[in-house]
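Residue numbers (my numbering), protein chains in the order written: chain A, 140 to 238; chain B, 2 to 166.
Simulated from the structure, these hints should not be mistaken for laboratory data. Misleading hints may appear alongside valid ones.
What the hints assert, rightly or not - Taking lysine to any residue pairs in the SDA-like style, the calculated list, with each CA pair at most 25 Å apart, reads:
| # | chain 1 | residue 1 | chain 2 | residue 2 |
| --- | --- | --- | --- | --- |
| 1 | A | 225 | B | 161 |
| 2 | B | 29 | A | 144 |
| 3 | B | 24 | A | 229 |
| 4 | A | 225 | B | 86 |
| 5 | A | 225 | B | 89 |
| 6 | B | 24 | A | 144 |
| 7 | A | 237 | B | 141 |
| 8 | B | 29 | A | 221 |
| 9 | A | 237 | B | 103 |
| 10 | A | 225 | B | 29 |
| 11 | A | 225 | B | 19 |
| 12 | A | 225 | B | 101 |
| 13 | A | 237 | B | 80 |
| 14 | B | 29 | A | 177 |
| 15 | B | 29 | A | 237 |
| 16 | A | 225 | B | 106 |
| 17 | B | 29 | A | 164 |
| 18 | A | 225 | B | 87 |
| 19 | B | 29 | A | 227 |
| 20 | A | 225 | B | 74 |
| 21 | B | 29 | A | 161 |
| 22 | B | 24 | A | 231 |
| 23 | B | 29 | A | 231 |
| 24 | A | 225 | B | 72 |
| 25 | A | 225 | B | 24 |
| 26 | B | 24 | A | 177 |
| 27 | B | 24 | A | 161 |
| 28 | B | 29 | B | 101 |
| 29 | A | 237 | B | 97 |
| 30 | B | 24 | A | 164 |
| 31 | A | 225 | B | 156 |
| 32 | B | 24 | A | 195 |
| 33 | A | 225 | B | 153 |
| 34 | B | 24 | B | 36 |
| 35 | A | 237 | B | 93 |
| 36 | A | 225 | B | 165 |
| 37 | A | 225 | B | 30 |
To be verified - Which stretches of chain B does chain A cover? Using the computed rule of at least three CB atoms under 8 Å from a CB of chain A, they are:
| # | segment |
| --- | --- |
| 38 | 11–22 |
| 39 | 63–76 |
As the structure is a prediction and not an experimental result, all values here were calculated from the model. Note that the Cβ used here is the ideal one computed from N, Cα and C, for glycine as well.
What follows is the residue order along each chain.
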Amino acid sequence: MYLNQFLLLAAALFSIGVYGVLARRNGVLVLMSIELILNAVNINLVAFGAYHGQVAGQVFALFTVAVAAAEVGVGLAIVLLIYRNKRSIDLDQVAQMKG
Amino acid sequence: MNYLPQHIAFGLLAVMMTLSAIKVVTSKNVVHCALYLVMVLAGVAGIYILLAAEFLAAVQVLVYIGAIVVLFLFGIMLTRAPIGRSRGLDNDQRALAAMVGLAVAGLLTAVLLDGFGDQRINITEPQRSADVGLEIFQSYVIPFEVVSVLLLAALIGAVVLARRD
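Hey, can you work out the whole structure from these sequences and the hints?
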């Protein structure tokens, strides 16, 4: 198998995730797009681990999974708090800190 | 060694994941987005199997499909998102975002094709879960402990943020 086929699939997922982060304005959907990006990173880590015949790639992918779980937990708590305060999770309306 | 079955499986998974990922970022229904996200995450687990990373595939199914997607569904329900089709999920910079996404994709593709032209992955035997465990607890003990402290901090932070006073 080619190394590039995995890397190109991950690049496609990453780009779709970038589009989602930029184009969505529902807070939960932005977090989902971030998950797409993190999974693309994990595919890259595991592919390079297999390429070099080392387990370290998998170990780092495991760490990324743990960090992603923490990120979703805190992110959804923040989205819930925004909803509770503004009755909406439209990210375009969260502009209090805009100068 | 002939990798034809792996290539067929990869092709099917890649098509499924790409189409589902596009639906995640374009669907008008929030719940459908979460379900398409499940398709993408399951495809990633399949890719891990193809790369002989069986432990990580199990972790992917347990943590991502089992826990994180459920968390997303709770987030959708608790914020009372409209369950049916709804407009206003996208902002008014979709064209710009599509341009940025295509630019990132083109740039990454060019760099990857240039850098890793026809390098091959030769998987002779699966990477055993025992090897992953040994690697974590021999070479990466301190990062492992840091990640566990990070998870604890995130847990406490989420509880503090979400509780009502």
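Hint-by-hint comparison with the structure:
no. : hint            : result
1   : 225/A <-> 161/B : holds, 19 Å
2   : 29/B <-> 144/A  : violated, 30 Å
3   : 24/B <-> 229/A  : holds, 20 Å
4   : 225/A <-> 86/B  : holds, 22 Å
5   : 225/A <-> 89/B  : holds, 17 Å
6   : 24/B <-> 144/A  : holds, 22 Å
7   : 237/A <-> 141/B : violated, 42 Å
8   : 29/B <-> 221/A  : holds, 22 Å
9   : 237/A <-> 103/B : violated, 29 Å
10  : 225/A <-> 29/B  : holds, 22 Å
11  : 225/A <-> 19/B  : violated, 35 Å
12  : 225/A <-> 101/B : violated, 30 Å
13  : 237/A <-> 80/B  : holds, 24 Å
14  : 29/B <-> 177/A  : holds, 23 Å
15  : 29/B <-> 237/A  : violated, 28 Å
16  : 225/A <-> 106/B : violated, 36 Å
17  : 29/B <-> 164/A  : holds, 12 Å
18  : 225/A <-> 87/B  : holds, 19 Å
19  : 29/B <-> 227/A  : holds, 17 Å
20  : 225/A <-> 74/B  : holds, 20 Å
21  : 29/B <-> 161/A  : holds, 16 Å
22  : 24/B <-> 231/A  : holds, 22 Å
23  : 29/B <-> 231/A  : holds, 18 Å
24  : 225/A <-> 72/B  : holds, 21 Å
25  : 225/A <-> 24/B  : violated, 28 Å
26  : 24/B <-> 177/A  : holds, 17 Å
27  : 24/B <-> 161/A  : holds, 15 Å
28  : 29/B <-> 101/B  : holds, 21 Å
29  : 237/A <-> 97/B  : holds, 21 Å
30  : 24/B <-> 164/A  : holds, 16 Å
31  : 225/A <-> 156/B : holds, 24 Å
32  : 24/B <-> 195/A  : violated, 33 Å
33  : 225/A <-> 153/B : violated, 28 Å
34  : 24/B <-> 36/B   : holds, 10 Å
35  : 237/A <-> 93/B  : holds, 18 Å
36  : 225/A <-> 165/B : holds, 15 Å
37  : 225/A <-> 30/B  : holds, 22 Å
38  : 11–22           : holds (count 5)
39  : 63–76           : holds (count 8)
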